[in-house]
Amino acid sequence: MPGADPAGRQRLDHLVHAVPDLDEAISRLRGSTGVTAARGGSHPGMGTRNALVVLRGGGVGRAYLELLAPDPEQEPVPPEATMLGLGHLLEGGTFAPRLHAWAVRPDDLDRTLALGRDAGLEVGAPAPASRRTQGGTELSWRLAVPRPLGLGGVQPFLIDWGEAHPTDDDLPELDLLDLTLHHPEPARAREVLALLGADHPVEAGPEPALRAVVAGPDGRLVL
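First residue of the sequence shown: 1, per UniProt numbering; consecutive thereafter.
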């Protein structure tokens, strides 16, 4: 991708921790850190619901951890229609909790997508989404998610919240102590991240993987 016009340094928006059961995930987080994630809401038509915690530290700014789980109160939807392809993880019946994806928030979503496409990247098409918070506020955003996730999830997806942001609410907080990305081709992965303005170290590993360490008053948890 030599000669590509970099998109400018983007901001970490959130980490997505995919879990099979939201109640169990909230309990596990509370037991390890002493912090109880705030229930966010459902993603209508996408088969998922979430809970959120603000992430502090490391200069991340307005960032958060999302616990993303199937929503048992929604009608089943095809795996490809679920938020971030979560349904594909359920095709074996269940799955172990995992750090599934991460998102960055560019200053100009459309420009960053154009740069990625011009460089031959699969970056996804911007699509609107929304959910209603527990307090009744409607949150709307645009996100672009490659399907399947780029570089096995090491490539971030892109999101534009417009005026509102989930961290505008009074949410519980955790410290983000570490975020590590692994990929079998770390040099290639770093090149893709740099192009998207999401510069972050990538370590060599046998398969794509994301690892984060968060901490609260009662301890830390590796995601």
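These aren't lab readings, by the way, just hints derived from the structure by calculation.
It is possible that some hints are incorrect.
[Unchecked claim] With beta-carbon atoms standing in for the labels, derived distance ranges: (1) Arg98 <-> Asp118: 25 to 35 angstroms; (2) Asp107 <-> Arg30: 34 to 44 angstroms; (3) Ala114 <-> Gly219: 16 to 26 angstroms.
Quick caveat, the model's predicted, so the values are computed rather than measured.
Note that beta-carbon positions come from the ideal geometry of N, C-alpha and C, so glycine has one too.
Now the hints, each set against the structure:
Between Arg98 and Asp118 the Cβ separation comes to about 32 angstroms, which falls inside the hinted range of 25 to 35 angstroms. Hint check: Asp107 to Arg30, Cβ distance near 35 angstroms, so the stated range 34 to 44 angstroms holds. Checked against the hint of 16 to 26 angstroms, the C-beta distance between Ala114 and Gly219 comes to roughly 44 angstroms, which is inconsistent with it.
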